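Chains A and B supply the protein sequences, listed in that same order.
Heads up: the first sequence is residues 1 to 130, going by the numbering used here.
Heads up: the second sequence is residues 1001 to 1102, going by the numbering used here.
To be clear, the hints were calculated from the coordinates, so they are not data collected in a lab.
Source: prediction; values computed, not measured.
Do not take every clue at face value.
[Unchecked claim] Derived lysine-lysine pairs resembling DSSO-like cross-links, with alpha carbons at most 27 Å apart:
#1 A:Lys-2 x A:Lys-25
#2 A:Lys-30 x A:Lys-2
#3 A:Lys-25 x B:Lys-1097
#4 B:Lys-1058 x A:Lys-2
#5 A:Lys-25 x B:Lys-1042
#6 B:Lys-1042 x B:Lys-1058
#7 B:Lys-1097 x B:Lys-1014
#8 B:Lys-1014 x B:Lys-1042
#9 B:Lys-1097 x A:Lys-2
#10 B:Lys-1014 x B:Lys-1058
#11 B:Lys-1014 x B:Lys-1051
#12 A:Lys-30 x B:Lys-1051
#13 B:Lys-1097 x B:Lys-1051
#14 A:Lys-30 x B:Lys-1042
#15 B:Lys-1058 x B:Lys-1097
[As the list claims (entries may be wrong)] Listed next, with one range per pair, are the computed distances between beta-carbon atoms:
#16 A:Met-1 x B:Val-1067: 22 to 32 Å
#17 A:Glu-29 x B:Asp-1074: 26 to 36 Å
#18 B:Asp-1090 x A:Lys-98: 24 to 34 Å
#19 B:Arg-1075 x A:Arg-58: 25 to 35 Å
#20 A:Glu-90 x B:Asp-1055: 52 to 62 Å
#21 A:Asn-72 x B:Glu-1013: 53 to 63 Å
#22 B:Val-1067 x A:Gly-91: 15 to 25 Å
#23 B:Gln-1052 x A:Asp-130: 23 to 33 Å
#24 A:Glu-90 x B:Glu-1013: 39 to 49 Å
#25 B:Asp-1055 x A:Pro-106: 41 to 51 Å
#26 B:Gln-1048 x A:Gly-86: 43 to 53 Å
#27 B:Met-1001 x A:Pro-106: 55 to 65 Å
#28 A:Arg-95 x B:Glu-1094: 38 to 48 Å
Positions of the beta carbon are idealized from the N, C-alpha and C atoms, including for glycine.
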Amino acid sequence: MKFAIQVNEGPYQHQASDSAYFFTKAALEKGHEIFRVFFYHDGVNNSTNLTTPPQDDRNIVERWAELAEQHNLDMVVCVAAAQRRGIVDEGEAKRNGKDATNIREPFRISGLGQLVEAAIQSDRLVVFGD
Amino acid sequence: MSTLHTVNKSPFEKTSLDACLAHATAGSNVLLIEDGVYAATKGTAVEQRVKQALDSVKLYVLGPDLVARGLSDDRVIDGISVVDYAGFVDLAAENDKVQAWL
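Produce the entire structure from the sequences given, and follow the hints as far as they go.
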């Protein structure tokens, strides 16, 4: 079955990102397909490359990135939410005249249309938030 | 047409469980996650409300979130099933849609 996942909250602030991660992992282990993980609102903060949590704590950003690399997941960050919160890739840095980027690949910045498409193309959309 | 409702708030903090139970049609499935798991425990002020809900909906609680809050399975109200993340995925697949009461 095809799942789409939506994450509305940032890391370390709320359990939503942890719950979404464990759900996604369990779905993959069961052989389901994850069509896309969409990071919206404060959820865009899950994609910053600049995070350095203590060594004895989970690294939520790295954990998502590694799962995505392992399973070739499409992880999309909402562009408007990202701009507000300073999540920047090469394209956005150029467009908005910023001198740095901070997105952790394979996260990618795109529009809300990607969420709509994921909802249409997937059998289930599961939302995690506050 | 069945729906899986997820509730992630403690009933002592927010009214999302009440809102969910007021809208869930008979035969729906309700999964308590995150702080929502407190609603599944025995001896609370909402126990009667939750037991009443069991007459029309099936209730589940996410085991790892119980453990994370120091709650053991024997604290769970009879009739509520404890599931793990794999069980959460199964519930999401078995129902036609998933509604999060955020």
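Right, here's what the structure says about each hint:
1. A threshold of 27 Å between alpha carbons decides the hint, and for Lys-2 (chain A) with Lys-25 (chain A) the separation of about 14 Å falls inside it, so the pair holds.
2. For the given pair, Lys-30 (chain A) sits about 12 Å from Lys-2 (chain A) by alpha-carbon distance, which is consistent with the 27 Å threshold.
3. In summary, the hint linking Lys-25 (chain A) to Lys-1097 (chain B) is supported, as the alpha carbons are separated by about 19 Å, within the 27 Å threshold.
4. Straight-line distance between C-alpha atoms of Lys-1058 (chain B) and Lys-2 (chain A) comes to about 24 Å, which keeps the hinted pair within the 27 Å bound.
5. For the hint pairing Lys-25 (chain A) with Lys-1042 (chain B), the CA-to-CA distance comes to about 31 Å; that exceeds 27 Å, so the pair is violated.
6. With a CA separation close to 17 Å, the supplied pair Lys-1042 (chain B) and Lys-1058 (chain B) stays within the 27 Å bound.
7. Between Lys-1097 (chain B) and Lys-1014 (chain B), the direct Cα distance comes to roughly 23 Å. Compliance with the 27 Å bound is thereby established for this hinted pair.
8. For the given pair, Lys-1014 (chain B) sits about 19 Å from Lys-1042 (chain B) by alpha-carbon distance, which is consistent with the 27 Å threshold.
9. The hinted pair formed by Lys-1097 (chain B) and Lys-2 (chain A) meets the criterion: a straight-line CA distance of about 12 Å does not exceed 27 Å.
10. Between Lys-1014 (chain B) and Lys-1058 (chain B) the alpha-carbon distance is near 21 Å, which keeps this suggested pair within the 27 Å criterion.
11. Restraint check for Lys-1014 (chain B) and Lys-1051 (chain B): the C-alpha separation of about 19 Å stays at or below 27 Å, so the hint holds.
12. Only pairs whose Cα atoms come within 27 Å are accepted, and Lys-30 (chain A) paired with Lys-1051 (chain B) is rejected, the gap being roughly 32 Å.
13. Between Lys-1097 (chain B) and Lys-1051 (chain B), the direct Cα distance comes to roughly 24 Å. Compliance with the 27 Å bound is thereby established for this hinted pair.
14. Restraint check: the Cα-Cα separation between Lys-30 (chain A) and Lys-1042 (chain B) comes to about 32 Å, which exceeds 27 Å; the hinted pair is violated.
15. Taken as a hint, the Lys-1058 (chain B) and Lys-1097 (chain B) pair is honoured in the structure, with Cα atoms around 15 Å apart against an allowance of 27 Å.
16. As the Cβ distance of Met-1 (chain A) to Val-1067 (chain B) is approximately 27 Å, the hint placing it in 22 to 32 Å holds.
17. For Glu-29 (chain A) and Asp-1074 (chain B), the hinted distance range of 26 to 36 Å is satisfied, since their beta carbons lie about 28 Å from each other.
18. The supplied range of 24 to 34 Å is broken by Asp-1090 (chain B) and Lys-98 (chain A), whose beta-carbon atoms lie about 44 Å from each other.
19. Checked against the hint of 25 to 35 Å, the C-beta distance between Arg-1075 (chain B) and Arg-58 (chain A) comes to roughly 26 Å, which is consistent with it.
20. Taking 52 to 62 Å as the suggested C-beta distance range, the pair Glu-90 (chain A) and Asp-1055 (chain B) conforms, at roughly 57 Å.
21. For Asn-72 (chain A) and Glu-1013 (chain B), the hinted distance range of 53 to 63 Å is not satisfied, since their beta carbons lie about 39 Å from each other.
22. One distance hint, 15 to 25 Å for the beta-carbon pair Val-1067 (chain B) and Gly-91 (chain A), is violated here, with the actual separation near 43 Å.
23. Separated by about 27 Å at the C-beta atoms, Gln-1052 (chain B) and Asp-130 (chain A) satisfy the suggested range of 23 to 33 Å.
24. Separation of Glu-90 (chain A) from Glu-1013 (chain B) is about 42 Å and conforms to the stated range, judged on CB atoms against 39 to 49 Å.
25. With their beta carbons about 47 Å apart, Asp-1055 (chain B) and Pro-106 (chain A) fall inside the hinted range of 41 to 51 Å.
26. For the hinted restraint 43 to 53 Å between Gln-1048 (chain B) and Gly-86 (chain A), the CB-CB distance of approximately 48 Å keeps it satisfied.
27. Between Met-1001 (chain B) and Pro-106 (chain A) the CB atoms are about 36 Å apart, so this pair departs from the stated range of 55 to 65 Å.
28. With their beta carbons about 44 Å apart, Arg-95 (chain A) and Glu-1094 (chain B) fall inside the hinted range of 38 to 48 Å.
Checked against the numbered hints above, the structure breaks hints 5, 12, 14, 18, 21, 22 and 27 and satisfies the rest.
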